[in-house]
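In the order they appear, the protein sequences are chains A and B.
Going by my numbering, the first sequence opens with residue 1, and the numbers climb by one from there.
Going by my numbering, the second sequence opens with residue 1, and the numbers climb by one from there.
Hints listed in this document are in silico derivations from the structure and should not be mistaken for laboratory results.
C-beta: ideal position from N, C-alpha, C; glycine also.
Possibly wrong hints are sitting among the right ones.
Quick list of simulated restraints, FRET-style, between CB atoms [what the hints assert, rightly or not]:
(1) 28/B x 205/A: 19 to 29 angstroms
(2) 149/A x 21/B: 34 to 44 angstroms
(3) 110/A x 143/B: 29 to 39 angstroms
(4) 59/B x 23/A: 15 to 25 angstroms
(5) 178/A x 31/B: 45 to 55 angstroms
(6) 192/A x 81/B: 43 to 53 angstroms
(7) 28/B x 43/A: 38 to 48 angstroms
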Amino acid sequence: MNRYQIGGVNYQIDPAYDTPEYRSSAQRAPTQPLVVAPSRLVEVSFPVFEESKVLPRDADLCHQFPQEPIGERIRVTGRLLGSDGRPLVGQLIEIWQANAAGRYRHAVDDHPAPLDPNFSGAGRVLTGPDGGFQFLTIKPGAYPWRNHPNAWRPAHIHFSIFGRLFTERLVTQMFFPNDPLLEYDPIFNAVRERRARERLIARFDWDTTEEGYALGYRFDIVMGGHLGSPLVAS
Amino acid sequence: MLPTPSQTVGPFFSFGLAWMVPQEPVDTGFVVEGVVVDKNADPVGDALVEALWVANGQAAFARSLCEPTGRYHLRITASGNEVASPILVSVFARGLLQRLVTAMYLTDIGDELLCSLDPLRRQTLIAKPTPTGYAFDVILSGESETVFLAW
Chain A
1 MNRYQIGGVN YQIDPAYDTP EYRSSAQRAP TQPLVVAPSR LVEVSFPVFE ESKVLPRDAD
61 LCHQFPQEPI GERIRVTGRL LGSDGRPLVG QLIEIWQANA AGRYRHAVDD HPAPLDPNFS
121 GAGRVLTGPD GGFQFLTIKP GAYPWRNHPN AWRPAHIHFS IFGRLFTERL VTQMFFPNDP
181 LLEYDPIFNA VRERRARERL IARFDWDTTE EGYALGYRFD IVMGGHLGSP LVAS
Chain B
1 MLPTPSQTVG PFFSFGLAWM VPQEPVDTGF VVEGVVVDKN ADPVGDALVE ALWVANGQAA
61 FARSLCEPTG RYHLRITASG NEVASPILVS VFARGLLQRL VTAMYLTDIG DELLCSLDPL
121 RRQTLIAKPT PTGYAFDVIL SGESETVFLA W
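Could you build all of it, start to finish, from the sequences and the hints given here?
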């Protein structure tokens, strides 16, 4: 497990596989302890991603169709950093999300909310020289799920980041500030440390809010060596 | 800085992640295929399987989205004897709050990791030859569970 030491205190960053409040973890979480691999086995670099495969329009989820999607237009801006605070440059970030009504463009999603013909919910971008990235999209809606009675997921955007090394590969979710559903979400709360959970919440940002056009949110992502980085003091 | 924690990939990722799966058949190298199953041996039809390997000193990557039958299919674009063992495999799925990582060996080379495992568990990391490549099933949980790695 990934533990970090700050001010002499150990923090467990990542959620445990076996989290009973998250019902489907019961059938899928491993029951045996993880085996610690020799570092030379897992410290493999990802291949350099072909830049030509990501186009500027891939980061603009509001203009992938002839018409614009319905919803509250938002600009999500952030930086991708190593745990030492240094920017990670030229890294691929993939995002996917529900539409403004809380429906995914996926055959298995049977939530009775409308699909938006002008919204795919998928985007990608490469980080710039300062590790920066930006997406233009719409705010996703909350949606019900079957985890427990009257269960609702708070609005979120899924993020996938590779990192430089295999050990850094990260899939996570970005949430929105002041969402009343956060308190009740077993996935968000599976991260037991409050300070680590706060990393998952974007903050509203006037500087990137564009007058008359879109609200700005900032979401910085800090890569660790998930699954068990060394203790790092910072 | 405190790192960003992991969260589940969820069930509805295909429209966002399938773009990296080759659309046309590739005929170089060999295929690794298998099923991902849960504690009840039921197929995990919504798993994402990724492989990272090194061949001739170069890293390469492939991604597969499981079919409803739990079956995945990865094209390793090098020949079996060019690929360094093991191939690193990540499995993401609804119900998994972090990915699971395992190591797939094309042959039992008896390295430090394999030698540290008891014989039955060791077998979960050894792929089986097939006419087109190798078979490698991933058992997420239960008695015959695949060996998963940390570092």
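Structure-based check of all given hints:
no.: 1; hint: 28/B x 205/A: 19 to 29 angstroms; in the structure: 47 angstroms, violated
no.: 2; hint: 149/A x 21/B: 34 to 44 angstroms; in the structure: 37 angstroms, holds
no.: 3; hint: 110/A x 143/B: 29 to 39 angstroms; in the structure: 34 angstroms, holds
no.: 4; hint: 59/B x 23/A: 15 to 25 angstroms; in the structure: 37 angstroms, violated
no.: 5; hint: 178/A x 31/B: 45 to 55 angstroms; in the structure: 49 angstroms, holds
no.: 6; hint: 192/A x 81/B: 43 to 53 angstroms; in the structure: 46 angstroms, holds
no.: 7; hint: 28/B x 43/A: 38 to 48 angstroms; in the structure: 27 angstroms, violated
Violated hints for the displayed structure, listed by number in ascending order: 1, 4 and 7.
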